[in-house]
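Novice: With the sequences and hints as input, model every part of the structure.
If you read the protein sequences in the order shown, they are chains Z and R. Heads up: the first sequence at position 283 corresponds to 283 in our numbering, and the numbers run straight through without jumps. Heads up: the second sequence at position 264 corresponds to 264 in our numbering, and the numbers run straight through without jumps.
Within a straight-line C-alpha distance of at most 25 Å, the following computed BS3-like cross-link-like pairs (lysine-lysine) qualify:
#1 K182/R - K30/R
#2 K4/R - K209/R
#3 K182/R - K100/Z
#4 K100/Z - K30/R
#5 K182/R - K98/R
#6 K344/R - K133/R
So, partial list: chain R residues that the calculated Cβ filter (under 8 Å) puts toward chain Z:
#7 N154
#8 G180
#9 S261
#10 L273
No lab work stands behind these hints, which were simulated from the structure alone. Every residue gets a Cβ at the ideal spot worked out from N, C-alpha and C, and that includes glycine.
The lines below spell out each chain.
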Amino acid sequence: MKSKKLISVMIALCMLLSLGITGITATAFAADDPIVIGIISPNTGTLAAYGTGIVTGVQLAAEEINAAGGILGRQVELVITDDQGDPTECLNAFNSLVAKGVTLIIGSATSGCTSAITDAANEEEVCILCPTGTADSLTTEDDYIFRACYADSFQGAIAAAYAKQAGFEKVGVVYCAADVYSKGLFDSFSKACEEYGIEVAASQSTASLDVQDYTNQFAAMVSAGVDFVYAPYYYDVIGPYVVPQARAAGYTGIIMGADGYDTTPDYVVAGADLTVFNDVYWTNHYDPGADSEIVRSFVAAYEAAYGSIPSAFGATGYDCLYIYKAAMEAAGSADAGDVRDALADTSTVYECVTGTFSLDESGTPVKGAAIISFQSDGSAVTSTLVDVVTQLP
Amino acid sequence: MKSKTSRGYLLNTVIVVVLFIGFQILTSLKGSEGSFKLVIVPSIWQCCYLMVLAASLNLVLGFMGQLSLGHCGFMAIGAYTAALLSLACERAGLFENKSDLSFLLVLIASVLAAGILAALLSFLIGIPALRLKGDYLAIITLGFGMIIINIINNLPFCGQDGLAQGSAAASLYKNGLGFGSKAKVQFLWFALVVTILSLTLMFMFVRSKYGRAIRAIRDDEIAASASGVNTSYYKVLTFAYSAFFAGVAGALYSCTNATLSTSSFAFTNGGILNSTFVVVMVVLGGMGSLTGSVVAATIMFFVNYQIKNGAWVEHLPASVSGVFEYPMLVYALVLIIVILFRPKGIFGSYEFSLQNLIPDIRRARERRKAAKAERKEAQAHG
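Specialist: Next comes the structure, spelled out in structure tokens:
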């Protein structure tokens, strides 16, 4: 009885204490203090692989930059927050970062989460550099939002161009109408198909981005007689559900996806028939096997630090910090307003792992995409580069 | 007796008004400060909608004893109704910016419309659903919750091309209900007034003849109907009344978050706002205690927020703060500890009351003393 009471009182005290400490936060940063960069990413939850990728990528870049003397002679310090892939939590994480005095933020991984903080960032005059949020609308409305990846209007069009190039005249789409990412890709894909004279013979929507049954959708694809299906989803359903169920429903053609397919091979169900992953193509931000100096040294450093090949999230996260570094050095200050002005300069060229590019007026890189395919002999799923597209036909 | 009740109401009103005015003064003094604007005010907004939501579910779950697992569905209806209505008003030119008086009217209309539409739909759902009991009702409400989410997803003007898209979310922020940090401070009083009003209305409902009837249904439905209580009427009525406030909570939600996404209202998701966690809030606070729901909603929010964003986490030893990288794990542990020590919830069925606080404490202490003495005696005899 006594101990119970003691523990209850202690828990209550902890909570009270935590309330008190929330109040003491905002601190001003002096000139030789470290430059604090906040990261918002889904480190736990269903999209944790994205968050881990971004965090490890940024950490690697921070270690390299700090070892080389920092930015403007100041060391880089990271504050990592978790949004669990939820817009409300993302806004909370953003507010807590800003209250701590952080004005340069990298995040978040998905378009849905990032759209929750873009306007708040604009109001608070805080820079956001989004590593992988591809929805077009993210950067168009606000001044303080930039990103290190291409937008969906480009990504979806590349998939359509690939279908055209491969000679398909009739395609199908399975997507989620309720999600910014999936719907955005569907829009740009179908618009590009119209331009290229490809008929979208069937389009099926799922209720959410994480439903677990796609049999009906792919059965409809089979009955529509299409051999090319565009299915923009995230890795958490691609490996376990979408591809195996599509094949089980009798669909044998090509399944094409977008950057959400990254890290799929790590999340396939053990013991399942992996040959179903043949004929799966997707567009990505970069190819880890590319034969350029910067990619090779990045992949080697990442493997040495974390023991795995970096996903595109690791690569764009890594790029984000280097873009900030370039912008801060161009501006000669780490002040959010100055960094914003430097990032808004469309003539600056950034040499990054995911390509050499400059940012356009909306704050989106002008760069190409890698088309990657999955291959499997039944024992493991491997990725192979098919093509690098820098311009739409 | 009557004089005591009215004295209680008077006391509560006075205290609430005094606190409210004090808070307004505090807001006007500290409104522009960073941590107040960015941490405390958004937290209060979130607490407000969680409180109203938890209390409204408590009417159905705690007072009527019917397990509903689709409560966030009604909240989603409210959130989308309020957001779309305010956007429509803005596009019709009813208000220019958020400091207009007409915006306030639109705001009030949006909140009311959110509640009314949610109540209307829950009435339609409730007529067939409330013929079922227990587990079956839980399953059917779960199903309806999912159906609502899917319908919203596929409506062309809200899920598909509407508010899920980033640009529309931005327009919600700039023109519609979505409040930025400054607007949240400016309209904090509104959130508080809506919350206080909603809680008062729910409390009055529970105290009224309707409240007594639904508690009779909870305790024994057959006996209640044998005594002349029209059980299906009261059940549907309470269901709709509860959904009204879920809709109001949804309207507050759409003010707090500039963007709306149906995944936030799903049965389960990454955050703490989903139908499962609302049930957890009610159980944690105590089924049949509105004040318990209010306290539980606040605690659940703060635990969740503090685990993830609290500054104190950094000062913990490395081995402990490592666990904090998995917020849901810590969160679950806290919940398990609370339920282990208080199986009937924090408040049980006790209602916190200012007037009865001192006598209640005295009585509880006496009870405990008596129980202790009894135990001692039993030991001595045994």
